[in-house]
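Asker: Sequence:
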Amino acid sequence: MGACMALCSIASCASCLCGSAPCLLSGCCPSTYNSTVSRLAFSFLLLLGSLVSVIMILPGMEAQLKKIPGFCVGGTSITIPGIENKVNCDVIVGYKSVYRMCFAMACFFFLFSIIMIRVRSSKDPRASLQNGFWFFKFLILVGITVGAFFIPDGTFNTVWFYFGVVGSFIFIIIQLILLVDFSHTWNQSWLENAEEGNSKCWFAALLSFTVLHYALAFSAVVLFYVYYTTGDDCTEHKIFISLNLIFCIIISIVAILPKVQEAQPSSGLLQASLISLYTMYVTWSAMTNNPNRKCNPSLLSLVNNNPSPTPAPGQEVQWWDAQGIIGLVIFFFCTLYASIRSSNNTQVNRLMQTEENQGLAADDHEAAMGEDGVRRAVDNEEDAVTYSYSFFHFSLCLASLYIMMTLTNWYQPDADYQAMQSSMPAVWVKISSSWIGLALYLWTLVAPVILSNRDFN
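Numbering (mature numbering (1 follows the signal peptide of the UniProt record, and there is no 0)) for the sequence shown: -16 to -1, 1 to 441.
Honestly, I wouldn't trust all of these hints.
Claimed, not checked - List of simulated lysine-lysine pairs, DSS-like, C-alpha gap at most 27 Å:
(1) K243 with K184
(2) K107 with K121
(3) K278 with K222
What the hints contain is simulated information worked out from the structure, not anything from laboratory work.
Predicted model only: the values in this text are computed from it and were never measured.
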């Protein structure tokens, strides 16, 4: 808790930079819109809570966390009714702390999601709550966090686990939408650069990244078949790998069809290759949650060429494996991108409930610099908001649940186990989300062809 309070002090100092709307910007910061600064500030609160959660689950923190009233009895056992003295407190106390920290963040963002429903412009009185009062919002988050640690165990961990599964499923789909948006924006930007400048260099860069993405995706498929389908009960893995490989081939073919290219000239293999690579990551992430150790070898066992040992009852299971680390990196990227994104893709903007935003205009640059020489964010939402406040907070609420499940490795605190175990629901959640993501990307390709009477520019 000391580390938590230290980080909270840092956040408090940072929050003073954005005391009201429009937020004050330091002289070294570029001019920007008020809507962007607000999203970055809320994302900072989410990342701060995620960092605190990471610290809570690190080795050596058990001794401090066990001092929290009600977390452990006698220093070694758990207070969950019915399984006293069956689970080592060192195993589960970090996970219980992460559950409560992420519960507090989810409640905080869900509260703002409810408050900000149907805010149409910055003239709405509730818009000032979105873009200002950062110190008080920080205090509210701290208060909810402190209260969460006094929640009695009972069935809280089990119930909140299922909330985490559903929320993470939806957030993975949001990640895929953001990835689709990023791939379209990336491809369109480089094509425009190729038309304006050295076309050979830009087309060579596009080709290089496309080949790299496909090479990594194909290599992943080969490794999956070699290492994750060797057991007698690994039929599901074979089906997952084969289906996603077929789906990736289909979207790659559709992306270069003449009719699709005619309706959407910016579509191409770069987007399809990036989506294929991410699909293989989600497939691998799903297989690593299979409780069958024969179908789910650890990376350490693959490197040492030794079979993956089965954890002894009560043995500590750590989250900082490759799957968890990569998941956090992608999460941080998506959170930052969601805060600063400026998309021209109409379909993605409708899915994410945002509007097109091309950056500061010339007049806005002058408005950003006040008479006192202090740079301020420009209020660009007097006529209409550029993104749905409510949906943005709902996304951060889901992101809190995704962080909880990632840090705890999707382990289910079940009374029937003596150690936290992986579970098949996590496998199906990730695999099904990959299929939905592929379907969404396919829709962005074929929608302009099917609905030719609508404007998708």
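Asker: If a hint holds in the structure, say so; if it doesn't, say that too.
Answerer: Evaluated hints:
1. K243 with K184: This hinted pair holds, its Cα atoms lying about 25 Å apart.
2. K107 with K121: 20 Å, holds
3. K278 with K222: At roughly 14 Å apart (the allowed maximum being 27 Å), K222 and K278 satisfy the hint.
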